[in-house]
Every structure is written in structure tokens, then in C-alpha cells.
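Protein chains in written order, with my numbering: chain A, 1 to 246; chain B, 1 to 246.
Note that these hints are calculated values from the structure, not bench results.
Each hint should be verified, as a subset may be incorrect.
Here are the simulated DSS-like pairs of lysine-lysine, each with C-alpha atoms no more than 30 Å apart in a straight line [said to hold, decoys possible]:
1) B:Lys-218 with A:Lys-144
2) B:Lys-125 with A:Lys-123
3) B:Lys-125 with A:Lys-144
Protein chains: 2
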Amino acid sequence: MQTATATPWADAGSVDVLLFDVFGTVVDWHGSIVREMAHAHPQVDGAAFARAWRAGYQPAMARVRSGELGWTLIDDLHRIILDTILPQFGLAHLEDAARAQLNRVWHRLDAWPDSVEGVRRLKAKYICCTLSNGNLGLLTRMAKRAGLPWDCVLSAEVFRAYKPDPATYLGAAKVFDVPPHRVMLVAAHHDDLAAARACGLRTAYVERPFEFGRDQPKDVAARAENDLHSADLLDLADRLGCPAAV
Amino acid sequence: MQTATATPWADAGSVDVLLFDVFGTVVDWHGSIVREMAHAHPQVDGAAFARAWRAGYQPAMARVRSGELGWTLIDDLHRIILDTILPQFGLAHLEDAARAQLNRVWHRLDAWPDSVEGVRRLKAKYICCTLSNGNLGLLTRMAKRAGLPWDCVLSAEVFRAYKPDPATYLGAAKVFDVPPHRVMLVAAHHDDLAAARACGLRTAYVERPFEFGRDQPKDVAARAENDLHSADLLDLADRLGCPAAV
Numbered sequence: 001m002q003t004a005t006a007t008p009w010a011d012a013g014s015v016d017v018l019l020f021d022v023f024g025t026v027v028d029w030h031g032s033i034v035r036e037m038a039h040a041h042p043q044v045d046g047a048a049f050a051r052a053w054r055a056g057y058q059p060a061m062a063r064v065r066s067g068e069l070g071w072t073l074i075d076d077l078h079r080i081i082l083d084t085i086l087p088q089f090g091l092a093h094l095e096d097a098a099r100a101q102l103n104r105v106w107h108r109l110d111a112w113p114d115s116v117e118g119v120r121r122l123k124a125k126y127i128c129c130t131l132s133n134g135n136l137g138l139l140t141r142m143a144k145r146a147g148l149p150w151d152c153v154l155s156a157e158v159f160r161a162y163k164p165d166p167a168t169y170l171g172a173a174k175v176f177d178v179p180p181h182r183v184m185l186v187a188a189h190h191d192d193l194a195a196a197r198a199c200g201l202r203t204a205y206v207e208r209p210f211e212f213g214r215d216q217p218k219d220v221a222a223r224a225e226n227d228l229h230s231a232d233l234l235d236l237a238d239r240l241g242c243p244a245a246v
Numbered sequence: 001m002q003t004a005t006a007t008p009w010a011d012a013g014s015v016d017v018l019l020f021d022v023f024g025t026v027v028d029w030h031g032s033i034v035r036e037m038a039h040a041h042p043q044v045d046g047a048a049f050a051r052a053w054r055a056g057y058q059p060a061m062a063r064v065r066s067g068e069l070g071w072t073l074i075d076d077l078h079r080i081i082l083d084t085i086l087p088q089f090g091l092a093h094l095e096d097a098a099r100a101q102l103n104r105v106w107h108r109l110d111a112w113p114d115s116v117e118g119v120r121r122l123k124a125k126y127i128c129c130t131l132s133n134g135n136l137g138l139l140t141r142m143a144k145r146a147g148l149p150w151d152c153v154l155s156a157e158v159f160r161a162y163k164p165d166p167a168t169y170l171g172a173a174k175v176f177d178v179p180p181h182r183v184m185l186v187a188a189h190h191d192d193l194a195a196a197r198a199c200g201l202r203t204a205y206v207e208r209p210f211e212f213g214r215d216q217p218k219d220v221a222a223r224a225e226n227d228l229h230s231a232d233l234l235d236l237a238d239r240l241g242c243p244a245a246v
């Protein structure tokens, strides 16, 4: 991806564990859903459909956080949102099996082109672990299909709390028996990074300008509050002193 | 390891997930502790020390199961047992840092010679996941050091219950959203397999005759109640129709 190699960060040795946000940071949910919709339901505007589905995500988790819904896995929240939006896209007729099949698209998201090699390089030096609101089964099947070589798969499911609840960031640090400042969250979302920072974690922002599609580029300007700003996971590997094999 | 290739099991296609017991089944705790003790404390009988440490394992978990101890990770149970046995081996003088370093030997256990390649082959067809009483941090560091390519790391820690509690076997099936009969436990211990079978899981026994050392061979005779009996994980891969790359 990048052409020049970044200078390694001076504090790269003070971190043991990298936690990765997944949806949008490691995998391209928008492009993957557009791809599947183009195949399964070509009459639907796949880009709008993907954004509508994703737009229901934070409100659905908020219902769990508020206690309106009991603990509910993302697979089930995705299905609730899907059932809500299908009529808006002329797909109210889809039967249960077709809905279940479509809902599992979140298990089949494609990695961004740099992700597999980026994690592979970062693993040479750091414990590389997911910290996603996606459930364990979803994350495992996604990783297996995409070839993402995680050292461990952690999820909100383990802590029964959704990010940005501190129980997730601090729970992950506790799993690896290290203080929060030896853990770094890697994410393409400043709110996730801010919540991790408030718990004492280090933070690395990853630019994913086309998370919402090429027609809706995201502001990916650097913010001073993050320890690192990286163009992608290969650039992050450079900055964390994990060179490509020579 | 084995010379002839086993005939694949007729029901190999009816299983989606392989859960692996780890201590003794995938890694050689006895040999690894003997190795470390020979280096760190050569005056101690390492084989007896390893067996004494491991002998405290089931009683320690029983204290958690009975409620005498609150939920306690294996790292902490290992340390409680270690503190108990050190005086018996003339090591009462070890200070805290040395005890902590020794306790982490459980993170540094060596895989049996067939394990990495066996899991690699089985992964081509099945979700391969740990189901160990070891905690997540321990299992992750062990896998990273030994090169064990798990798809997911599950532990009693996730379910806050120790095997043979049904919550562990059924909890793992639920994580992957499959019925128990599509999950197979792989273990070198008949009691673990029996508990899994009682929950409806399939079972595969793995011979590890020298789990307790070459001088204390274990009875590894086949028992009819298991779906499969395998000499090692390469043999299991043959029986489950996961051939070596050609």
C-alpha cells in the first residue's frame, strides 16, 4: 500500500498486546455487503442497503446497554435490524432461510487488502487479538474465511458488555495480565479509541477512508490524542517496528 | 508419526467444530516442566515435581466448583499449588519473582511433535478451537510460542465454569451456533470425553501414553464409547478425512 517506510515509534517496546477493532478497521463491511447484494438481489441499491443495516447497529447496542433488551449477540441484533430494513428495500417477501443466509454475510466480510499481511507482521512482536462487538462465532468464521491469523479472538460476548463500556478494554487487559498502558487499541473510529484511552490504553488510528463506500469518503485526518496514526496495517507494522520479511 | 493412513470415519462430514482439550492432549506438560526444572533447579527430581504440581490441579478446581474458592483462574490455582509443593522439594526459599517466573511454565509448554501439523490439517475442514480449563492468556501465549494455529481460543474462563461442567461443552456449541452433535471433543482423558458425550457431543480419544512421563506409561486402550480412537493428531486428521498436503 504505502510507498515509504515509516520511522518506528519510540515507545513500540512498551506495548505487549494489540487489540483490533474489526468492522471497518480490519474488514470492509460496506464493500462486502455490496458484493453479496449485487449477486443475490441485484435490483437493490446495495450501497444504501449496507449503510442502512450498519446504521441500525449503534441504536441496537444502545437498547442492550440501556437494559431494554437483555444480553443479545450481534448475530441476533443484525437479524433484528435486517428484518426492519428489508421492507424498505422491497425485500419483505424473503423467507426465514433466506434472511438467515443473508444475515450471515457478517461472517463472510472481506479483509481490507493490507489486513492479513499486516496482522501477520504485527504478530511477530505483539499478541494480536480482536476486541470487537461481533460475537465469537462470527469473528471466528470471518477470520477463518479471510485468513486473519489472530492469536486470540476476544469479543464483547466474553465480557457481556459492548464497547465503549470500560469492561471490554479493561477486561481484555486483564485476560492478558498486563496493565492497560501495555495494551494498544487499533481502530478506524475515534470514539472507540477515546473510550480505550480513558481506560489507560494506547491508541492507534487506522485510515479507512472508504469504510462507507467510495462515494462517501470519511474524514481521516490525524488527531493528536492518538499515539499513532497509520494509513493501513502495513504502515502500522512499520511504525511498530515489525518489518516485512527480507 | 503413524505409518499407514487410517480409513476416514463415515460420519466425518456431520461435525463442524473440533474442541481440543489442551494439557496432555495437545501439549506435553510433564516433559516441558521436566525440561525447565532441569535448567532452573537441576537438584530437584523434575518428573516428581511435575507430577506433584499436576496432582494438585483437580483438587484445586474442585475447591472452585464447591464454592470454597470464588472464581479463580488456572494461573492463580497453579500458583497456589506451587506455593504448597515448593517446600516439599527444598525450594521454600524461592522469592516471589522466581515463583511467578516458574508458574508461567504453563504458558511455555511444548506441543507434542504431531500437534501443530495435526491442527493445521484439521483446520482445512473444521473449526479448531481449544476447550481447556487453562485461562485465555495462558492458552494464547502457549499457542503463540508453540505455533498452534487455533481458529479460536475458548476456555473455562469464558464460561466461568470448569470442565466437566456441562456449561463448558454446551457453551462452546452455543458460541458456534451449532447443535452439540455437530461438535467433537478431542481429548486424551476419558472422563473429559464422557462428560462431553453426556452433553451430546461426539468424542475422539487421543493416545498420549507418556503424558505422565516415559517411566509411568498410561493405559491408552480403545474404549467403544468414543466415536474415534486415534494414535495422535495426524492419525485423527486421517480419520477425519483431512489429508496431508500433496
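Quick rundown of the hints versus the structure:
1. B:Lys-218 with A:Lys-144: Distance ~36 Å between Lys-218 of chain B and Lys-144 of chain A Cα, so the pair is violated.
2. B:Lys-125 with A:Lys-123: Between Lys-125 of chain B and Lys-123 of chain A the Cα gap is close to 24 Å, so the pair holds against 30 Å.
3. B:Lys-125 with A:Lys-144: Holds, at about 11 Å.
Consistency with the previously given hints fails for number 1 only.
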